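Participant: These are the residues of each chain, in order.
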Amino acid sequence: MTNLTRRSLLKSSVSAAAALVIGFDVPQEAAAQKPIRKKPMPNPIKAWLRINQDGIVTLIYSKSEMGQGVSTSLPMILADELCLPWDKVRVEHAPLDPAHAGQGTGGSSSVTSMWMPLRQAGAAARQMLIQAAAAHWQADPQSCTARGGSVWHNGKALTYGELVEAAAQLPVPDLATVPLKKTEEFELIGKPLPRKDIPAKVDGSAIYGLDVRVPGMVYAMVARCPVFGGKVKSFDASKAKALKGVNDAFVIDPAPQVHSWGGVAIIADSTYTAMQAKRLLQIDWDYGPHAAESSETLRRQFRRLVDSRMKVVINQGNADAVIGSAPQEKRIDCDYELPFEAHATMEPMNCTVYIGNGRAEAWAPAQGPEWVMGVIAQVSGLPPQKIQVHTTYLGGGFGRRFQADFAMEAAQIAKRAGRPVHLVWSREDDMTHDFYRPASYHRISGAVDDSGNILAWRHKSTSTSIAEWWNPKETPESSELGCAAQLPYLVKNYKVEYLPAASGVPRAWWRSVEASSIGFVMESFMDELAHAAAADPYEFRIRKLRGARKVMNAIDPKDRPLETARMQGVLRLAAEKGDWGKPLPGGHARGIACHYSFHSYTANVIDVAVENGSVRVKRVVSAVDVGTPVNPDGIRAQVEGAIVYGLTAAVKSQITIKNGSAVQSNFDRFATLSMKETPELVVHIVPSTVAPTGIGEPGLPPVAPALMNAIFAATGKRIRRLPLQPGDLA
Amino acid sequence: MAISFEVNGQRRTVDVDPQTPLLWVLRDTFNLTGTKYGCGIALCGACTVHVDGEAARSCAYPVGTVAGKKITTIEGLSTDRSHPVQQAWIEHQVPQCGYCQSGQIMTAVAFLAKHPSPAARDVDDAMSNNICRCGTAQRIRSAVLRAAELMRKGGQR
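Protein chains in written order, with the working numbering: chain A, 1 to 730; chain B, 1 to 157.
What the hints contain is simulated information worked out from the structure, not anything from laboratory work.
The reader is advised that the hints may include incorrect statements.
[Unchecked claim] Just a few of them, taken from the derived set where beta-carbon distance is under 7 Å, the chain B residues facing chain A:
(1) Asp28
(2) Gly38
(3) Cys39
(4) Gly40
(5) Glu75
(6) Trp89
(7) Ile90
(8) Pro95
(9) Ser102
(10) Met127
(11) Gln138
Keep in mind that this is a model prediction, so the values were computed, not measured.
Backbone N, C-alpha and C fix where the C-beta goes; we use that ideal spot for every residue, glycine too.
Isolated chain A, as found in the complex:
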């Protein structure tokens, strides 16, 4: 089990599988130890809360806080069932232990996956506190109520602090049947509450991975081959070692299971010394098999693949024949393409690890703390009980920090150093050794009839597949097609084909993963079809979404069906709030797009002004349906962030490849949207009482298509290749 996908990683961590089961060949001595297993029913009072004498309650959250607000939204769910006043609540990240297994944070899954377990835990703890109070008063528990952090009976009150010791000794109620609050009884859920992590983020006290300082700690950096997959042939560290403060320089081995290719490690007495020493290393690299790869070679390969016969993944009706016989004026054939994208988290990768005296300890800004534990176990040979992993705040995640390559390097260096090692990546290391959003190419064809029906839709797609990179046992298309497997629109003949492209460029999960690419292609093409049918793009979508249909995932039938009524809901709300159809000044125009990802529904109306070939994004109005909104302000913040991240990828940033290396290595060439370029952002949330779904990512997919649809409306120019280039609108 040396490979994995994020979906299986999340499933295994959500299902509380052993830390060591995740992705590794476990060393024999560690495998002999009993792996961590979640007990069937951890005592919720012991697992999720701590109460001090002042009545301050500390609630535990077990997902990584990377800015998406889980250190607030998850404790809100718990606090609501516990009837706790929000200002009395403190929060703390969970230790990595059996009671808090499943800490993998990604796939917009934190609130979705923890919603029921935390409500059950909170309700069970409330019931235990009530029983403890009832026993004290010798009263019927039914006559006692929990309110404001106390249990009440006939005007008497006992605080949770007074009750907690007795309550924790009581049997834990059956979590599956413990009575939960009704929607109308929620006191915190649905309120825009202030985030618990924000005060520490305005005074410099929040501790990120790079801020970890441990007694006796040394600083490390690694020189990695600039060419993907390249390895150290030989090296000369004499100049580096001559520098004052440099302790050691040595080779670390490739670790293919985390896609780390090793390099030359430097240990020094400060970050700056390590940085200087790294520059003085003389390394002879074996560039490996990918040294000739470039964006141009990849593009030629993409085009060859879409020209060829591809694997048929979905084939409903007879799209080929219908498209083949459609009259030219009712037929569209076009190619879309998207580049690699870097995550570019503001905090570069880093990790602090100690291995020695029969134990290990790590401080990791990680989305996958269990995976961090796994690599340390593998490197150290220690069993999980001897490894402590502390998850720090993450200075951005966006999927990058689900990887374990940085933890692997830190563990390798720490094993040799025998003292705490603080591994720092430079910005250049981070940007040129990322796991990029795949590059992809799409040939898409369709036909409409005189009545505006979509007669056929054929999507031939190729990309640098994530699944192929991470788990050859899965089909390469399983990670690449997203909503193309769940087309919400009424289309009579539908066909999807795919083949992966060969590439040595590392790739993985970037904010919204394949939805960022597929969403752009599908929603741009939908706009093209609307124009071919001479229809309004909004009305056209609404018509093709008609009926309260449930659309199954054609590739994964076990996936939750897409509900067309909810898609209509976000589209209508975005259109209404975004002034769809209302007049605009000359040179201004609107575009619309909607998408379904991570079981959430999102739609955007974007206003642009185009003048002298340059575009200004004026406003983005977004509507989202995420089921029950837990923290509405947190949801708004996530959608605002996803819009900006999506706009950056649409009009600013890309990673291009030359000689098997990333060309862009810092923010000088990897440009991001500045405040001046940031449009007005307005987010509306559809009221709902169904179970919540994720929102870290779904705000992103409808950004690029709504923007390019707006640019088309303004200029008649259809942008099919991202990012927008300076000459595109000339």
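Use these hints to put chain B onto chain A, whose structure you have.
Facilitator: Then chain B, alone, in the frame of chain A:
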């Protein structure tokens, strides 16, 4: 070579290569980790501190050139998050991951000291060279304007 300067009101002396960027002296020598490393080439602004009241990018600021000067870092802004800019940041719930926010706040404080009544466009000009990958620019803009208002109302520092 010993270099002396003031950090958050305290006199400090270090004996390091004068070319060492101030950032690493703050972070690794003084353990003032609120000032962040983001790009190392004075582009992203995460490392912004004040040198004699002026916003400066500490990642590209040789420590040798701050001898005798007064440095303020995010830790020195207030002892209790009471600075109007910090208050406005909390009120507008600005930070997401928060990593760039020390630099954003220090940039905003230096800007407001010179422009007590800025227009939104001025804020955009002043803040556009600080990068936030979480996309908090809109909230930062609102918070800077709010901080200006708080400072005019008497929270002036």
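Participant: Next, verify each hint and record whether it holds.
Facilitator: Hint check:
1. Restraint check, Asp28 (chain B) versus chain A: the minimum CB separation of about 4 Å is within 7 Å; hint holds.
2. Nearest Cβ of chain A to the Cβ of Gly38 (chain B): about 5 Å, under the 7 Å cut. The hint holds.
3. Interface hint at Cys39 (chain B): satisfied, since its Cβ lies 5 Å from the closest Cβ of chain A, which is below the 7 Å cut-off.
4. With its C-beta approaching chain A no nearer than about 6 Å, Gly40 (chain B) sits inside the 7 Å limit, and its interface hint holds.
5. Taken as an interface hint, Glu75 (chain B) checks out: its beta carbon lies about 5 Å from the nearest beta carbon of chain A, inside 7 Å.
6. For Trp89 (chain B), the shortest C-beta to C-beta distance to chain A is roughly 5 Å, which falls under 7 Å, so the interface hint holds.
7. For the restraint placing Ile90 (chain B) at the interface with chain A, the shortest Cβ-Cβ distance is roughly 6 Å, inside the 7 Å limit, so the hint holds.
8. Among the interface hints, the one on Pro95 (chain B) holds; its C-beta lies about 4 Å from the nearest C-beta in chain A, closer than the 7 Å criterion.
9. Satisfaction of the interface hint for Ser102 (chain B) is found here, the shortest Cβ-Cβ separation to chain A being roughly 5 Å, below the 7 Å cut-off.
10. At a threshold of 7 Å, the smallest CB-CB gap from Met127 (chain B) to chain A is about 5 Å, leaving the interface hint in force.
11. For the restraint placing Gln138 (chain B) at the interface with chain A, the shortest Cβ-Cβ distance is roughly 5 Å, inside the 7 Å limit, so the hint holds.
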